[in-house]
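> Single-letter residue listing:
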Amino acid sequence: SAVISQKPSRDICQRGTSLTIQCQVDSQVTMMFWYRQQPGQSLTLIATANQGSEATYESGFVIDKFPISRPNLTFSTLTVSNMSPEDSSIYLCSVPGPGYTFGSGTRLTVV
Amino acid sequence: QQPVQSPQAVILREGEDAVINCSSSKALYSVHWYRQKHGEAPVFLMILLKGGEQKGHEKISASFNEKKQQSSLYLTASQLSYSGTYFCGTEDSGGYQKVTFGIGTKLQVIP
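In order, the protein sequence lines correspond to chains A and B. Mapping the first sequence onto my numbering, position 70 (from 1) lands on 70, and the numbers just tick up by one. Mapping the second sequence onto my numbering, position 83 (from 1) lands on 83, and the numbers just tick up by one.
Simulated from the structure, these hints should not be mistaken for laboratory data. Fair warning: this is a prediction, and the values are worked out from it, not measured in the lab. Some clues are possibly wrong.
[As the list claims (entries may be wrong)] Here are the simulated BS3-like pairs of lysine-lysine, each with C-alpha atoms no more than 30 Å apart in a straight line:
| id | chain 1 | residue 1 | chain 2 | residue 2 |
| --- | --- | --- | --- | --- |
| 1 | A | K65 | B | K68 |
| 2 | B | K67 | B | K98 |
| 3 | B | K106 | A | K7 |
| 4 | B | K68 | B | K26 |
| 5 | A | K7 | B | K68 |
| 6 | B | K37 | A | K7 |
| 7 | B | K106 | B | K50 |
| 8 | B | K106 | B | K26 |
| 9 | B | K67 | B | K26 |
| 10 | B | K37 | B | K26 |
[Unchecked claim] Computed list of chain A residues with no C-beta within reach of chain B, every gap over 12 Å:
| id | residue |
| --- | --- |
| 11 | I4 |
| 12 | Q6 |
| 13 | D26 |
| 14 | S42 |
| 15 | T56 |
| 16 | F75 |
| 17 | S94 |
Each residue gets a CB set at the ideal place from its N, CA and C atoms; glycine is no exception.
Could you put the whole structure together from the sequences, leaning on the hints where they help?
Quick look at the structure:
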């Protein structure tokens with residue numbers, strides 16, 4: 001299975017600022033997924049990132065708030081923009097195949 | 001649509017067995033099972049495709065009833081290391097599509 005390096009592992013940010021989360025995969029993958037997990041909760045899909053096309057966002061998530069880049073088949077970034085305390089959560093990237101592998105997660109606290 | 005998972009929590013003594021259930025109102029292509037320990041990313045356990053095949057290794061196995069859109073995870077002779085939150089995830093179609101996760105089952109194994 002793939003190995004994913006996710007950075008940063010945690011951050012504390014001021015409201016109104018933005019944070020970019022990076023995921024580097026050790027193999028080429030067509031699709032990458034970005035999830036959000038609030039403490040003690042399930043994983044909620046934010047968007048699907050395909051290389052060479054616009055990301056597909058789930059209901060309740062918009063590109064202006066969570067812009068995604070996918071410059072090649074091994075790398076993706078998720079930006080959390082204009083943050084508010086409600087954005088405090090754990091953000092995880094994931095790649096398929098056949099079981100899905102997750103990055104180690106980014107624990108974001110917005111103050 | 002989020003699959004329904006039950007029970008939400010269970011406490012076992014070492015050596016006891018447990019069953020975690022997952023159901024969906026939609027036709028499914030596959031069901032995944034993951035375990036997440038506190039502060040860590042979810043880890044893939046197994047995937048079950050259409051066909052009702054039971055899969056697993058040693059003391060953790062699962063089944064998928066395609067007609068009922070239900071899956072069950074069986075933990076036999078539980079060990080302390082089994083503690084964590086178990087998530088089922090469902091795919092509506094094949095081809096490494098997005099996975100929708102249930103709310104999770106918190107399993108605690110005590111001595």
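> Next step is simple, just say for each hint if it's right about the structure.
Results for each hint:
no.: 1; hint: K65(A) - K68(B); in the structure: violated (38 Å)
no.: 2; hint: K67(B) - K98(B); in the structure: holds (22 Å)
no.: 3; hint: K106(B) - K7(A); in the structure: holds (27 Å)
no.: 4; hint: K68(B) - K26(B); in the structure: holds (10 Å)
no.: 5; hint: K7(A) - K68(B); in the structure: violated (41 Å)
no.: 6; hint: K37(B) - K7(A); in the structure: holds (20 Å)
no.: 7; hint: K106(B) - K50(B); in the structure: holds (26 Å)
no.: 8; hint: K106(B) - K26(B); in the structure: holds (25 Å)
no.: 9; hint: K67(B) - K26(B); in the structure: holds (11 Å)
no.: 10; hint: K37(B) - K26(B); in the structure: holds (29 Å)
no.: 11; hint: I4; in the structure: violated (9 Å)
no.: 12; hint: Q6; in the structure: violated (9 Å)
no.: 13; hint: D26; in the structure: holds (15 Å)
no.: 14; hint: S42; in the structure: violated (5 Å)
no.: 15; hint: T56; in the structure: violated (9 Å)
no.: 16; hint: F75; in the structure: holds (18 Å)
no.: 17; hint: S94; in the structure: violated (8 Å)
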